[in-house]
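Those protein sequences? They're chains A and B, same order as listed. Under numbering that gives the first Met the number 0, the first residue of the first sequence is numbered 0, with each subsequent residue one higher. Under numbering that gives the first Met the number 0, the first residue of the second sequence is numbered 0, with each subsequent residue one higher.
These aren't lab readings, by the way, just hints derived from the structure by calculation. Be aware that a few hints might be false.
The list that follows gives simulated cross-link-like pairs (lysine-lysine, DSSO-like), each with its CA atoms no further than 27 Å apart [as the list claims (entries may be wrong)]: (1) A:Lys95 x B:Lys90; (2) B:Lys90 x A:Lys182; (3) B:Lys102 x B:Lys90; (4) B:Lys102 x B:Lys75.
Just a sample of chain A residues kept apart from chain B, beta carbon distances all over 12 Å, derived [stated by the list, open to error]: (5) Ala13; (6) Ile83; (7) Cys149; (8) Gly159; (9) Asp207; (10) Leu213; (11) Ser217; (12) Lys222.
One side only, chain B facing chain A, incomplete, derived with CB under 7 Å [stated by the list, open to error]: (13) Phe21; (14) Met44; (15) Ala48; (16) Ala53; (17) Val79; (18) Ala87; (19) Pro120; (20) Phe123; (21) Pro124; (22) Ala129.
Built from N, CA and C at the ideal position, the CB exists for glycine as well.
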Amino acid sequence: MEVTRRHLLLLLPAAAAAWKFVLAGTPEASPNYKLAEHWWEMLIDIPKCIGCGSCVRACAQENDVPEGYYRTWIERYHVADYQIERPEVESPDGGKQGFPPDESSGKNFFVPKLCNHCADSPCTQVCPVGATFISPDGVVLVDKSYCLGCRYCVQACPYGCRFINPKTHTAEKCTLCYHRITKGLTTACCEVCPTGARQLADLKNPKDPIHEFLRTHSVQVLKPHMATGAKVFYDGMDGSVR
Amino acid sequence: MFKDIEHLIRLATVMAIAVVAFLVLRAGVVPRSFGQYGHYRGAAMGEIAARPIAFAGHDLCETCHSDVADQKRQGKHVVVACEACHGALAKHADDPASLTPAKLDTTVLCARCHEANSAKPKWFPQVVTADHSGGIACDTCHQPHRPKIETKPETESKAEGKK
Chain A
0 MEVTRRHLLL LLPAAAAAWK FVLAGTPEAS PNYKLAEHWW EMLIDIPKCI GCGSCVRACA
60 QENDVPEGYY RTWIERYHVA DYQIERPEVE SPDGGKQGFP PDESSGKNFF VPKLCNHCAD
120 SPCTQVCPVG ATFISPDGVV LVDKSYCLGC RYCVQACPYG CRFINPKTHT AEKCTLCYHR
180 ITKGLTTACC EVCPTGARQL ADLKNPKDPI HEFLRTHSVQ VLKPHMATGA KVFYDGMDGS
240 VR
Chain B
0 MFKDIEHLIR LATVMAIAVV AFLVLRAGVV PRSFGQYGHY RGAAMGEIAA RPIAFAGHDL
60 CETCHSDVAD QKRQGKHVVV ACEACHGALA KHADDPASLT PAKLDTTVLC ARCHEANSAK
120 PKWFPQVVTA DHSGGIACDT CHQPHRPKIE TKPETESKAE GKK
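Please build the complete structure, drawing on both the sequences and the hints.
Here's what the structure looks like:
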């Protein structure tokens with residue numbers, strides 16, 4: 000068909016309308032989810048953690064975490080008497096298969112760890128390309144298609160929560176199961192925790208039991224001196240935990 | 000006014016073309032949603048949220064398996080979600096015929112939580128499995144969904160355990 004000037008002029012509005020859809024990008028996966036109505040955090044009740052490793056296994060399965068890398072992991076602390084400054088910490092295979100028995104004297108306990116989803120996170124501040132960010136609902140995420148794999152963020156995280164995925168060569172970390180929480184589900188780790196040691200909480204939801212818990216318990220965050228605004232709260236945490 | 004003004008006009012034209020070229024390139028390269036919420040691609044959140052789930056969640060399990068949920072409610076394992084033991088089963092929840100949950104080995108499974116370890120909290124029930132059962136599968140005596148052994152209806156609990 001010969002494209003006359005008339006044809007071209009007729010085509011223009013249609014092309015403009017189509018271009019609008021192209022520019023709009025991928026539609027939201029959860030249309031009923033309102034970003035501004037949530038502020039996610041997690042509560043970890045250390046006296047309830049039994050070190051079973053369910054959370055680590057579930058996380059790996061839910062998020063396809065490569066073998067030998069962990070988005071969440073469990074540490075076993077061994078604090079000998081008077082050695083609060085020098086705890087012995089171990090995490091064989093991230094605690095995925097549980098922990099071998101240890102009957103040594105002193106204080107032993109488990110500490111589950113994950114991204115703290117800091118409100119003033121150092122990792123997002125160092126990204127040179129805007130590939131990692133704090134979402135409006137308080138989750139620190141990585142835009143895979145934008146990440147260069149420069150590792151700045153891996154170095155910047157004071158909690159060691161990031162790694163470079165050996166397949167994609169981009170930064171990877173806990174997403175707080177963003178694909179689940181935006182659908183009204185809890186995270187995979189919280190779902191399978193058999194003792195309720197991990198609880199997902201929404202600080203912007205006035206009905207969330209977290210508010211009552213925070214009022215009535217002494218909770219701490221990891222490395223508060225780094226002023227990261229960490230949002231993973233630990234209840235019953237020993238002073239030796241780093 | 001100026002001598003040789005066409006030099007300046009030429010320079011201005013080159014600069015104007017450069018600015019326009021920059022703006023066109025920038026519009027083409029920077030994604031539409033960049034800067035929507037901050038210095039990042041707003042559409043990235045939708046892409047991350049679009050990932051399919053692996054764990055269905057115990058609420059969904061209980062819509063079909065209400066009998067098991069009732070059993071669990073009678074014991075301490077009421078707090079343990081289905082997929083903590085049975086594994087990720089969102090595929091089974093989507094289409095029950097597509098995936099049958101694997102039979103579980105209670106000798107391994109129960110020990111993960113209940114094997115004695117000094118780092119486990121004192122309130123948590125623990126056994127040294129080697130002394131407690133000597134390698135016999137836990138579900139020989141215990142019914143995993145309601146693990147406390149009742150003294151009376153032994154035949155019943157055994158029948159349930161085989162289920």
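The hints, checked one at a time:
no., hint, verdict
1, A:Lys95 x B:Lys90, "23 Å, holds"
2, B:Lys90 x A:Lys182, "16 Å, holds"
3, B:Lys102 x B:Lys90, "16 Å, holds"
4, B:Lys102 x B:Lys75, "22 Å, holds"
5, Ala13, "20 Å, holds"
6, Ile83, "16 Å, holds"
7, Cys149, "15 Å, holds"
8, Gly159, "21 Å, holds"
9, Asp207, "17 Å, holds"
10, Leu213, "21 Å, holds"
11, Ser217, "18 Å, holds"
12, Lys222, "22 Å, holds"
13, Phe21, "19 Å, violated"
14, Met44, "6 Å, holds"
15, Ala48, "4 Å, holds"
16, Ala53, "5 Å, holds"
17, Val79, "4 Å, holds"
18, Ala87, "5 Å, holds"
19, Pro120, "5 Å, holds"
20, Phe123, "5 Å, holds"
21, Pro124, "10 Å, violated"
22, Ala129, "11 Å, violated"
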